[in-house]
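Engineer: Let the hints inform the model, and build the full structure from the sequences given.
There are 2 protein chains.
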Amino acid sequence: MTRPTAAMLVIGDEILSGRTLDTNTRTLAEALTARGIDLREVRVVPDEHDAIGAALNALRKSHDHVFTSGGIGPTHDDITADAVAAAFGVPIDVRADARALLEAHYTRSGQVLNAARLRMARIPEGAVLIENPVSSAPGFRLGNVSVMAGVPAVFQAMLASVLPTLAGGAPLLSATLRLERGEGEVAGPLAEVAMRHPALSFASYPFVAEGRFGTNLVIRGSDPDALARAEAELRAAVLP
Amino acid sequence: MTRPTAAMLVIGDEILSGRTLDTNTRTLAEALTARGIDLREVRVVPDEHDAIGAALNALRKSHDHVFTSGGIGPTHDDITADAVAAAFGVPIDVRADARALLEAHYTRSGQVLNAARLRMARIPEGAVLIENPVSSAPGFRLGNVSVMAGVPAVFQAMLASVLPTLAGGAPLLSATLRLERGEGEVAGPLAEVAMRHPALSFASYPFVAEGRFGTNLVIRGSDPDALARAEAELRAAVLP
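Going down the list, the sequences are from chains A and B. Once you know that position 16 of the first sequence is 16 in my numbering, the rest is easy, because the numbers rise by one and skip nothing. Once you know that position 84 of the second sequence is 84 in my numbering, the rest is easy, because the numbers rise by one and skip nothing.
Derived by calculation from the structure, the hints in this document are not laboratory data. What you are looking at is a predicted structure, and each value in this text was computed from that prediction instead of being measured. Warning: the hint list may mix true and false statements.
Identical copies carry no separate label here, and so any pair may be met within one copy or between two of them.
Stated by the list, open to error - In silico SDA-like links for lysine to any residue, alpha-carbon gap of 25 Å or less: (1) K61 / G18; (2) K61 / D50; (3) K61 / H49; (4) K61 / A226; (5) K61 / A51; (6) K61 / G211; (7) K61 / R3.
Structural biologist: This is the structure:
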């Protein structure tokens, strides 16, 4: 049983300069894992036309779904929509339905739909709009690419409307054993149990808490019975 | 004046599943920015030999420096060192100096250097060790690639010993104007000031605070006088 695959493309100098911590990737990763879609790759690129296009074309050909975050606002450095249109080789212009969403929003809030804001109604030909219940300026889907905002609250709202439309696979289940021992002490038995269960994946995540190393052992798979059997074996092998 | 470029390769299923929030990228980004090195690209890949090798070879050919995070522990899913050796086409084996570091550490702490832990002394031929003051198991540098641990405390310690050895460029300075207005209101004047200062970069970062949109305008450059002039112009253009 195979699961669909996905990739994330984070667009933004602010991530690469260290100014902003990217949390959209984890938001997406958690949501996809719950839906049975495997996030297989993430790339972060600067606000540059060619860098965005090259990364997007590499990712959309290798994965079932691609999600982007960032660069769809009103300022001169918001170039994601134009870069996506160029990567797909389609024209882009202000679209009536997107413009109407912005007009309604700015009228409601007593503001003006100026030239800068109107840039947010530029939509590549053939795209489907993604609703933005937070600030109205829409995202869009073109082919297998969902183009979403960078502001986390807006990214989350857009993702919530996109996710139900994606075909998922069997949800990935997991079991975790938390140990107050370094992973080097349990690596041997862990590998042995893992070898007996090739349909499951076994991972080990060290952590430091109160100055001591501990380890989370995580088993993942989509068959709950197989997972329970492996967890019992692992527990017997590594707990005193 | 050009600055050296860098890329980050984060290795780990735990990031892609959403289990763990990657903070090493921001740690690296802040440190490189302060040193005048431009972080140009980040990739996150799973714990898979071929995925690691393909990403590493793409990044190390395109950038002056590459940093990796994750996958150098003692368990069966820690395959970064082997994947790096394969990507460079060099052999890998347990090395005496790395083994000695581990022996000293485990002797000191009354533990055993078992077969799993000894895996952490596997170093690709030609590499230089990176000190690990937290838990002894070393990272290493091979060519322009620095291979470091995923646990944030260890990543930070390794980075601290690597950074002083890298040639930096002119530090990138920045000035920030925080506005309690949406970026759509200031996008026009921002673009005009930006056009008058082609040697500086101008960016706009929207945020949501207490339910309202605000904007941070950031100017970046390495000439402090030019930065101050541009900041004064921008302030006059966007503040009431």
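Engineer: Hints first: check each against the structure and report whether it holds.
Structural biologist: Now for the hints, and whether the structure bears them out:
1. In this homomeric assembly, K61 and G18 come within 25 Å of each other (Cα to Cα) only across copies, at 23 Å, whereas the closest approach inside a single copy is 29 Å.
2. For the homomeric pair K61 and D50, the shortest alpha-carbon distances inside one copy (17 Å) and between copies (18 Å) are both at most 25 Å.
3. Taking the shortest Cα distances, K61 and H49 sit within 25 Å of each other both inside one copy (19 Å) and across copies (21 Å).
4. Neither within a single protomer nor between protomers do K61 and A226 lie at most 25 Å apart by alpha-carbon distance, with minima of 34 Å and 43 Å respectively.
5. Taking the shortest alpha-carbon separations for K61 and A51, both the intra-copy value of 16 Å and the inter-copy value of 16 Å come in at or below 25 Å.
6. Taking CA atoms no more than 25 Å apart as the test, K61 paired with G211 passes in neither setting, with 45 Å inside one copy and 38 Å between copies.
7. Taking the shortest alpha-carbon separations for K61 and R3, only the intra-copy value of 17 Å comes in at or below 25 Å, while the best inter-copy value is 32 Å.
Of the hints listed earlier, those the structure fails to meet are numbers 4, 6, in rising order.
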